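Peer 1: This is what each chain is made of:
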Amino acid sequence: MIRFEKVSKAYPGQARPALNSLSIDIQKGEFVFLVGQSGSGKSTALKLMLREQRPSSGRVYVAGKEINRLAGWKVPRLRRQVGTIFQDFRLLTNKTVAENVAFAMQVTGHSNREIRERVPETLELVGLDGKGDRMPDELSGGEQQRVAVARAFINRPMILIADEPTGNLDPGNTVGIMRLLDRINRSGTTIVMATHDVQMVDQMRKRVIELEHGHLVRDQVQGGYGAQF
Amino acid sequence: MQLRYVFTELRQGLRRNLSMHVAVALTLLVSLTLAGVGLLLREQAQLTEEVWGDELQITFYMCNGANDRNPQCAGAVDDSQKEVITNALEDNRYVDKIEPESQEQAYKRLQALDVEGVSGPDPVVKAGDMWESYWVTMTDPHHSAEIIEAVAGLDGIDHVGDVHEVTGPILAAVDGLQSAALVGAIVLIVAALLLVANTIRLAAFARRREIGIMRLVGASTLYIALPFLLESLVVALVGIGLSGVALAAVMHFGVEQRLSSTAVTQWVGWEEFFSSFAIVALLGILLTLVPTLLLTRKYIKV
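Chains as they are written, first to last, in this note's numbering: chain D, 1 to 229; chain P, 1001 to 1302.
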């Protein structure tokens, strides 16, 4: 589903590359934690998966497409197959919960009938049944992140990329979000999640890919945050 | 495509950046009106040149030995001098037609004008006081100077009548006005372009969160850019409409009500107005849509 072949990425003006000959292969339906210290290259790897960046060398395949060869006009189609969640939720504060979720369908050309059907379904899936008319600032952090998950998942993407989705949440909400992501993963969606949350990674016992200074230092099935697992 | 969403965004965008849009529309109004006036003046200059150029002739008045202005005249022009003058005119490539006028014909024409002192039993002016002349029609009215240069100095020529000396400054003034209007229009067009660019930048900044989300969920570039393009189109149409009203006012109150009563020349009409306005409208749309297209590509790059 996602494959990096000797991928390096260097940013102009930086002495050291953000990624250095990284090779990883993530299969369909996997749940993968991407761990490492700040500056280890996690965010760059996620940006390459989203085709926000292009590799300096090597090849990146996402959903069967080599992103470096993908024409600009085909990028939106790729992104419809990749949902994204961020630490800061990135909700539109002038829209209700339902409108925020519907937004992802509206701007990708779905019909009103489809939107009317799928928005309540998805809100129910993420545990926000009955809160569609609320504004984002009326919700807790955990609920706002659920809205972001609903928005990322409403188009039923093949891959869900989560960049520190629990970074702003308390332990209770973190568990709730992780259960939700686990449920989405069990429906067949591949999940790649960058995180610093040691406890959560240790508890989940999923595949762990650890980066350090742009190098792959660990790729462990059912791993923990630290190498001792 | 969810057109309802696009139009909602359009309405919100127009409301959010209202002051900037008003500034762009007003700048477009002034710049397009100036451009339109420049185009109308160009049409007017062409019309005037056509009308005057066709009708105007150069007249070579020959010595009559009675009241000559040229001190070189030594009596009335003789046949050999007339032959030299005729040959010089016939050899000139800018001469189209030569119509000779005798003293008697000139006198009759003067009498026809019913001027005091010409008719009656004891006229002050007689046929002998008139000048025999050649009325020359040109192939190209711009080259009167070349013909005059070739003929004016010949023996037997008293003086030359060239109405281009009078019309020249008028046409030059029209040309000057046209240039001034077009220079003013260009300066304001640059201002309009910068304003459009600034408006797009502000609009993109105000919508940066929506744009970011749209890119991530896979909205197409066209879909993201469409509200910007429509916003610019609406502002362009307002500016073009206002400039059309301003130009129509210039035509109605300026040309129709004031100038058309003076029959100095043929004045521009509604046909010229519509052809000039079509160019102005096209210019207005290009002025707003081209920078919008270029800048939205820059700011919302997928």
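FYI, nobody ran anything at the bench for these hints, they're computed from the structure.
Note that this is a predicted model, so its numbers are computed, not measured.
Backbone N, C-alpha and C define an ideal beta-carbon position, used for all residues, glycine too.
Hints may contain errors.
What the hints assert, rightly or not - EDC-like, lysine to aspartate or glutamate: derived pairs with alpha carbons at most 20 Å apart:
1. P:Lys-1298 with D:Glu-52
2. D:Lys-47 with P:Glu-1146
3. D:Lys-95 with P:Asp-1175
4. D:Lys-206 with D:Glu-30
Said to hold, decoys possible - Here chain P is said to cover these stretches of chain D; the calculated rule only asks that three of the stretch's residues, wherever they fall, bring their Cβ under 8 Å from a Cβ of chain P:
5. 68 to 80
6. 121 to 135
To be verified - Negatives, chain P to chain D, calculated, CB over 12 Å:
7. Ala-1076
8. Glu-1090
9. Glu-1101
10. Gly-1153
11. Thr-1167
12. Ala-1197
13. Ser-1220
14. Thr-1221
15. Phe-1253
Peer 1: Against this structure, judge whether each hint is valid.
Peer 2: Verification of the supplied hints:
no.: 1; hint: P:Lys-1298 with D:Glu-52; verdict: holds, 15 Å
no.: 2; hint: D:Lys-47 with P:Glu-1146; verdict: violated, 76 Å
no.: 3; hint: D:Lys-95 with P:Asp-1175; verdict: violated, 58 Å
no.: 4; hint: D:Lys-206 with D:Glu-30; verdict: holds, 9 Å
no.: 5; hint: 68 to 80; verdict: holds (count 8)
no.: 6; hint: 121 to 135; verdict: violated (count 0)
no.: 7; hint: Ala-1076; verdict: holds, 88 Å
no.: 8; hint: Glu-1090; verdict: holds, 71 Å
no.: 9; hint: Glu-1101; verdict: holds, 77 Å
no.: 10; hint: Gly-1153; verdict: holds, 74 Å
no.: 11; hint: Thr-1167; verdict: holds, 60 Å
no.: 12; hint: Ala-1197; verdict: holds, 23 Å
no.: 13; hint: Ser-1220; verdict: violated, 5 Å
no.: 14; hint: Thr-1221; verdict: violated, 7 Å
no.: 15; hint: Phe-1253; verdict: holds, 47 Å
The structure fails hints 2, 3, 6, 13, 14 (numbered hints given earlier, in ascending order).
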